[in-house]
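Chains as they are written, first to last, in my numbering: chain A, 1 to 373; chain B, 1001 to 1305.
Keep in mind that the hints were calculated from the coordinates and are not lab data.
Bear in mind the structure is a predicted one, so any value in this text is a computation, not a measurement.
One or more hints might be untrue.
[What the hints assert, rightly or not] Straight line, CA to CA, 20 Å or less: simulated EDC-like cross-link-like pairs of lysine to aspartate or glutamate:
| hint | chain 1 | residue 1 | chain 2 | residue 2 |
| --- | --- | --- | --- | --- |
| 1 | A | K38 | B | D1224 |
| 2 | A | K106 | A | E93 |
| 3 | A | K60 | A | E287 |
| 4 | A | K206 | B | D1130 |
| 5 | B | K1131 | A | D319 |
| 6 | A | K205 | B | D1172 |
| 7 | B | K1091 | A | E287 |
| 8 | B | K1091 | A | D37 |
| 9 | A | K206 | A | D372 |
| 10 | A | K109 | A | D99 |
[Unchecked claim] Here are a few chain A residues that sit away from chain B, every Cβ distance over 12 Å (derived from the structure):
| hint | residue |
| --- | --- |
| 11 | N21 |
| 12 | V29 |
| 13 | D37 |
| 14 | F43 |
| 15 | Q80 |
| 16 | T105 |
| 17 | G110 |
| 18 | T202 |
| 19 | V223 |
| 20 | V231 |
| 21 | W259 |
| 22 | E287 |
| 23 | I343 |
[Claimed, not checked] Calculated from the model, a selection of chain A residues having no Cβ within reach of chain B, i.e. all distances over 12 Å:
| hint | residue |
| --- | --- |
| 24 | F55 |
| 25 | T138 |
| 26 | K284 |
Virtual Cβ for every residue (Gly too), placed ideally from N, Cα, C.
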Amino acid sequence: MTATDQARTSPAADGGTEKANAFVGLSRVMLLGFVRDKGTLFFTLALPLMFLVLFGVLYKGGGTSHVKVAEVGQVKLLDQLKDQKDGPLSVLEITTFSDEESALTKVKKGELDGLVTEGPDGKLVLRFSQADQVKAGTVQGIMNSLVQTANQMASHATPAFTLDSTKVEDDSTKPIQYLTPGLLAYAVSMGAVYGASFTLVTWRKKRVLRRLRLAPISAGTIVGARVLVSVIVALAQTALFLAVAQLDYFGLKLTGNWWLVIPLVVCATLAFMSIGLVTGSLAKSEESANGINQLIILPMSFLGGAFIPLDFAPSWLQDVSRALPLRYLITPAKSVLSQGGGIADALPAMGILLGFTVVLSAVAWRFFNWDDA
Amino acid sequence: MTEAITADGIRKRYGDVQAVDGVSLSVAVGEFYGLLGPNGAGKTTTLEILEGIREADEGRVELLGMSPWPRNAKLLPRIGVQFQASAFFNKLTARETIRTFASFYGIGPKAADTMLERVGLTESAGVLTDKMSGGQAQRLSIACALVHDPELVFLDEPTTGLDPQARRNLWDLLRDINAEGRTVVLTTHYLDEAEILCDRVSVMDHGKVLKTGAPATLVREIDDTVRIRVESGMLTADRARDLLTTAGATFSNLEDDGTTLALSTHAPGPVLSMLAEENALRGLEVRGATLEDVFLQLTGREYRA
Ligand SMILES: Nc1ncnc2c1ncn2[C@@H]1O[C@H](COP(=O)(O)OP(=O)(O)O)[C@@H](O)[C@H]1O
Ligand SMILES: [Mg+2]
Chain A
1 MTATDQARTS
11 PAADGGTEKA
21 NAFVGLSRVM
31 LLGFVRDKGT
41 LFFTLALPLM
51 FLVLFGVLYK
61 GGGTSHVKVA
71 EVGQVKLLDQ
81 LKDQKDGPLS
91 VLEITTFSDE
101 ESALTKVKKG
111 ELDGLVTEGP
121 DGKLVLRFSQ
131 ADQVKAGTVQ
141 GIMNSLVQTA
151 NQMASHATPA
161 FTLDSTKVED
171 DSTKPIQYLT
181 PGLLAYAVSM
191 GAVYGASFTL
201 VTWRKKRVLR
211 RLRLAPISAG
221 TIVGARVLVS
231 VIVALAQTAL
241 FLAVAQLDYF
251 GLKLTGNWWL
261 VIPLVVCATL
271 AFMSIGLVTG
281 SLAKSEESAN
291 GINQLIILPM
301 SFLGGAFIPL
311 DFAPSWLQDV
321 SRALPLRYLI
331 TPAKSVLSQG
341 GGIADALPAM
351 GILLGFTVVL
361 SAVAWRFFNW
371 DDA
Chain B
1001 MTEAITADGI
1011 RKRYGDVQAV
1021 DGVSLSVAVG
1031 EFYGLLGPNG
1041 AGKTTTLEIL
1051 EGIREADEGR
1061 VELLGMSPWP
1071 RNAKLLPRIG
1081 VQFQASAFFN
1091 KLTARETIRT
1101 FASFYGIGPK
1111 AADTMLERVG
1121 LTESAGVLTD
1131 KMSGGQAQRL
1141 SIACALVHDP
1151 ELVFLDEPTT
1161 GLDPQARRNL
1171 WDLLRDINAE
1181 GRTVVLTTHY
1191 LDEAEILCDR
1201 VSVMDHGKVL
1211 KTGAPATLVR
1221 EIDDTVRIRV
1231 ESGMLTADRA
1241 RDLLTTAGAT
1251 FSNLEDDGTT
1261 LALSTHAPGP
1271 VLSMLAEENA
1281 LRGLEVRGAT
1291 LEDVFLQLTG
1301 REYRA
């Protein structure tokens, strides 16, 4: 900063006691530009949040899809075991029907996976559809084990073999745990990329940049204000996402070092902003900036694991994702938010994100222009 | 008198267009100085080079004793600039806009609001800038250029596109600004504006300054040409020319555009009596020389903004 950056007292009638600050003034302008633009608000806050809620609802209940079975009339065996939480019935969704015909139609249509009635002598009658082979197998297996268990209980014998099983996912990889960091990263990238690129393009087009050049403020003041506002927006997104994901319905449980997501989001914001600086320097109009930004953000989000977890992705995709800044927010954020990760997970990623920032900012500087002419 | 601006031999080329072709000028402190010329004459480019937002290909500029290029932060608080097209932040009201510009110079909101009042925008302070009328936008633009109390003010066609009443109001404001001791440099393509406002004007065309001086002096220098106009249809141009030549009246630029028969002369007496004899005085207009005639004489063309 130069000497002229310092506040000069007002020469006007009020005696000049009042002061103002260019950094505050610029930050305010950018923040107002953000909150008054309905399009920006929608794409950076509403849309990603809608994705979170939508995916959260769709993927709720973990990877297992329930087997739906109709209980026609009274089936003693089922009623007996219904209250047992971890028993074989826990994967069954049982609906009671009084009329066998209508239940059968539903099985034939594939709306139900099977129907169960109690035959004479306590015989369990299962009718299922072969349409979905996996479900057909599952429903038979479950019913079979049900009968076995009941027989065993009836004979009061100790079973010769028992099976003790636990899901590998355990309760700690519910979909909300990868949805939250993934969609948050998507939201933060939208906000930061668009914030930086639209400020550049709009201000250049509206001749504000050249006007700023004639004001005694440094480029650092302008960039600093933009960084501050983008970071505020990103942290607001983070707070909103964490608040929604932690609702009982979605059930995200934060672990000890979750706060590390804050420095992670800040570093990622810088990296995404520098992408926006590049596109904003290259694009001549808002329309073309918008196009370029989408062309970058959408593939980056898919390949970087914002919408689909990378854990199951092929190795080439893993490699591609390593070249994209998004990954360095999603992966460590997932770890620190809900899987008990710590500094060691966050720090290297933060370094890489800052590396992206330096390189991309240098590229942006190369193409930067104060005005159209 | 000390100089606020001196420029020496500045040139600027855009591809094939020599936008500024060796302009030299000097503006005294406290002067109201005008750059007058038709569109494309090179006024804006000249102004931008003086302001220091464009680098000249050649030539030297000094503003308040300093060079404006490369960007000179010591100079910036002392100059105020209004661009030909407004430069406002998006989604901001008039009040927010001027307060923001004020903050760049460390000037508080109260002083900013005072400036808004001065250009008569207090009532429209809450209007978004992209919803403002042309006149309001121009006034806000000028207010933003003046909010930090600069000694040297550059205004690029401040009244273009305004209705006559708005133009007159703005003229009053500009005169006041100058009366407070500020040096004002204004570009315009309106001859009347230059004549009314400026202490001195430079007439520009094709990137060159053709002539510089006080408007009255420039007009006086091109002899006492009088322009006479009557309705056309009473006398054909050819017949008028014949009659005038036989009457021995000197005249030039005799034209009939279908509505008006116009001519210029140094000796209006014989011309007027000839027109009276022919009973062709309907719609008579007699006018002394103006800057329009200066331009005509300097370029050989009619002035068309
Ligand atoms: N940025 C530019 N790029 C190319 N040509 C330009 C540019 N700016 C101005 N010109 C050209 O230079 C000439 C002078 O323009 P300008 O200085 O704007 O004139 P004025 O302000 O008198 O209308 C015009 O022919 C114009 O087309
Ligand atoms: Mg111009």
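Now the hints, each set against the structure:
Using a Cα cut-off of 20 Å, the hinted pair K38 (chain A) and D1224 (chain B) is violated, with the two alpha carbons roughly 63 Å apart. For the suggested pair K106 (chain A) and E93 (chain A), the alpha carbons sit about 14 Å apart, so the restraint of at most 20 Å is met. Simply put, K60 (chain A) and E287 (chain A) have alpha-carbon atoms about 37 Å apart, too far for the 20 Å limit, and the pair is violated. Under the criterion of a C-alpha separation no larger than 20 Å, the hint pairing K206 (chain A) with D1130 (chain B) is consistent with the structure, at around 11 Å.
With a C-alpha separation of about 50 Å, the suggested pair K1131 (chain B) and D319 (chain A) falls outside the 20 Å cut-off, and the hint is violated. With a C-alpha separation of about 31 Å, the suggested pairing of K205 (chain A) with D1172 (chain B) is violated against the 20 Å cut-off. Under the criterion of a C-alpha separation no larger than 20 Å, the hint pairing K1091 (chain B) with E287 (chain A) is consistent with the structure, at around 18 Å. Of the supplied pair hints, the one linking K1091 (chain B) and D37 (chain A) holds, its CA atoms being roughly 8 Å apart against a limit of 20 Å.
Under the criterion of a C-alpha separation no larger than 20 Å, the hint pairing K206 (chain A) with D372 (chain A) is consistent with the structure, at around 10 Å. A hinted pair counts as satisfied when its Cα atoms are at most 20 Å apart, and K109 (chain A) with D99 (chain A) qualifies at roughly 16 Å. With a least beta-carbon separation of about 6 Å from chain B, N21 (chain A) fails to lie farther than 12 Å from that chain, contradicting its non-interface assignment. Distance check for V29 (chain A) against chain B: the nearest CB is about 5 Å away, which does not clear 12 Å, and the non-interface claim fails.
Listed as outside the interface, D37 (chain A) is inconsistent with that label: its C-beta sits roughly 6 Å from the nearest C-beta of chain B, within the 12 Å cut-off. For F43 (chain A), the shortest C-beta to C-beta distance to chain B comes to about 16 Å, beyond the 12 Å cut-off, and the non-interface label holds. For Q80 (chain A), the requirement that its beta carbon stay farther than 12 Å from each beta carbon of chain B is met, with the minimum near 67 Å. Every Cβ of chain B is farther than 12 Å from the Cβ of T105 (chain A); the closest lies at roughly 59 Å, confirming the non-interface assignment.
With 12 Å as the threshold on Cβ separation, the claim that G110 (chain A) sits away from chain B holds: the shortest Cβ distance comes to roughly 53 Å. Once the 12 Å rule is applied to beta carbons, T202 (chain A) is inconsistent with being away from chain B; the minimum gap is 6 Å. Listed as a non-interface residue, V223 (chain A) keeps its Cβ farther than 12 Å from every Cβ of chain B; the least gap is roughly 15 Å. V231 (chain A), annotated as away from the interface, keeps every beta carbon of chain B farther than 12 Å; the closest lies near 20 Å.
Consistency note on W259 (chain A): stated as away from chain B, and its beta-carbon is indeed over 12 Å from all of that chain's, at 34 Å minimum. Under the 12 Å C-beta cut-off, the non-interface status given to E287 (chain A) relative to chain B holds; the minimum distance is some 15 Å. No Cβ of chain B approaches the Cβ of I343 (chain A) within 12 Å, the least distance being about 39 Å, so the stated non-interface status holds. With 12 Å as the threshold on Cβ separation, the claim that F55 (chain A) sits away from chain B holds: the shortest Cβ distance comes to roughly 32 Å.
Non-interface call for T138 (chain A) relative to chain B: holds, since the shortest CB-CB distance, roughly 57 Å, exceeds 12 Å. The Cβ of K284 (chain A) sits about 16 Å from the closest Cβ of chain B, beyond the 12 Å cut-off, so the non-interface label holds.
When the structure is compared with the earlier hints, violations turn up for hints 1, 3, 5, 6, 11, 12, 13, 18 and for no others.
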